[in-house]
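Chemist: So in the working numbering, spot 625 of the sequence shown is number 740, and the numbers just go up one at a time.
There are no misleading hints in this set.
Below, computed lysine to any residue pairings styled on SDA-like, alpha-carbon distance capped at 25 Å: (1) K328 to Y405; (2) K776 to T741; (3) K334 to R687; (4) K334 to A359; (5) K765 to A788; (6) K400 to G380; (7) K400 to D446; (8) K328 to D347; (9) K328 to K351; (10) K334 to R192; (11) K505 to S299; (12) K400 to S453; (13) K713 to G800; (14) K651 to A618; (15) K673 to A739.
Simulated from the structure, these hints should not be mistaken for lab results.
All values derive from a computational prediction rather than experimental measurement.
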Amino acid sequence: MSPSPPYHGPAVRRAVPLLALGALLASSLALAAPPAQAAETLLSQGRPATASSQEGDGYAPSAAVDGNLTGTRWASRWSDPQWFQVDLGQRSDLSRVVLTWEGAYGRSYQIQASDDGTDWRTLKTVTGGDGGTDELAVTGSGRYVRMLGTERSGGYGYSLWEFQVYGSTDGTPPATGAVEVTGSQGNWQLTVGGQPYTVKGLTWGPAIADAPKYLPDVKSMGVNTIRTWGTDGGTKPLLDSAAANGLKVVNGFWLQPGGGPGSGGCVNYVTDTTYRNTMLTEFTKWVEAYRNHPATLMWNVGNESVLGLQNCYSGAELEAQRNAYTGFVNDVAKKIHSIDPDHPVTSTDAWTGAWPYYRRNAPDLDLYSMNSYGDICGVREDWEQGGYTKPYLITEGGPAGEWEVPDDANGVPDEPTDVQKAEGYTKAWNCVTGHRGVALGATLFHYGTEHDFGGIWFNLLPDGLRRLSYYAVKRAYTATAGNDNTPPVVSALAVSPASSAPAGGEFTVRADVRDPDGDPITYKIFLSGNYANGDKRLVEASWRSTGNGTFAVRAPEKLGVWKVYLQAEDGRGNAGIETKSVKVVAPPVTGTNVALNKPTTASSFQPSYGDCPCEPAKATDGRADTRWASDWSDPQWIQVDLGSATPVRKLQLVWDPAYAKSYEVHISDNGTAWRTVHSTTTGNGDIDTIDVAATARYVRLHLTARGTGWGYSLHEFGIYG
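Generate the whole structure from the sequences, applying the supplied hints.
Modeler: Written out as structure tokens, the structure reads:
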């Protein structure tokens, strides 16, 4: 459906950390109500129900609205507070709520109603409850009705055989059009069907086919909105599933170069009328298709392209392209408004410096949107200093990203801890809600399940495991996650030796790991070669526990800086994951490298390719960041003149990814007559350490079969006497 979501962006991006306490309960309206009228209807039976928790698979929220008064029930976890809510499907006039308690009942609780599942009004407060059946007359209206339990009757949780809501409705469907930005300068709000709507959202990562699996969980977090980056013919099942769960969607449209500097595609917005017309036609088609869909909240044209154009142009041409791009965004906005007057249009960037271009060239946008992580509060500052006259939405935000954290001792970005990431989301939401009347909400980054380098940095549930950040978002949006069973907390993670782990040898990982709920912990350890070889996957390491939170981990054979991840799981679907870098170096070899800076020749070398010229001498210069590289053919050779007959005890070959599968080691006294002292046909690259007991002046590698389609490449050809 859409382009893959970006995991990180440029250093100039404004950043956002985490969430705060979401909209708290609205003012109490505990009113004495008249008796239920004869025309009242049971509105709740069979409707979608959610809860703050459930005791187990057999006690789902749906069991309390299935009409079975004695056979099925919902039961919560054994803590306070807890809540149970039902979506009536549309705004209804409410007359009566009947709670049929199992033995574990609520001593103190509130009955609340909401139009959007976010902002709640208290209709009835109960204290001193004694279980059994509570029949409560209420006055008020709403689409959502919930029981917020604040005090249990005993040591168990809350348990309802049935939760019945009675009232009446005029039969009209819930408001799905008429999404508007209303109000005046500095006092704006988003409304849906005339009702206030604060975006409490997440960016969407799973496959559309998995939407029915994950969206109920998204809803349970207090989320009311998801954001996508692309909209096309495959979008409808996601919209349908969102609507079924009472969620709205920010429908994205992708434009090149999306995702900031370094992202794909460079378009000439000044001259390329074909691209502009094609995109306008494409976007128009999907606006017409989905303008009346009940899940549609707004349209979002482009993602980080004003900033991203600096990857394509510079100087005066860059300025012209940015003006042309934002002018085209305005053309799209006008076209969308002509087709769909009931949904706003916005455009996302990752740089508040884009806003002057939008102000100048895109007056038809209803609001601006910003991706911002570590410096989220700076968005408000820039808005105020810029004197802007439109509100904004945060369309990505989360912990400080790779591009905005300091480097660690190994020269790679120092990833925040789980605790710091969770705090980042809280801070982000506080910054958003703190800019009242201007910031209309946020879709925080990222409801994704990838268990890779970017997934560990940003995803709330990599591999389906809930992180501290997951609960921080839930707490921000519902103010109830503090009583959930939460992940183990990993702290004081340390790696030793952090900057000199021998390739193929062991290094030590230490950490303090504690589970706040006392759950037993199991461990996994992973490695990522993102900084060593560009592979963002996480591969399980070979490791062993040495006790007291200490682990011996086998280092990769590939040199460079790696990330090591300690993953602590509690068996309840939660995980704490911390990571540090480790620099893998060649294993030390005793003795003297007699080849260092000695005359080195080869059958060929690459004069210009990537980091080349890669002359033979670069294999004997003692540096791991230089290399010799041959032509892309077989056979090849490289040899060192030691200057005189020299005892040779050991060779260490540090391969670049272009390695030799088959080769021989030859020695000679005169550079003409050679004898073989080692051979292999099973080379696998990385580092080869070879024992040689001989005396010679010349040492040569005779390379006969490449391990890749490239040539042969050696960072170091070490010869030790």
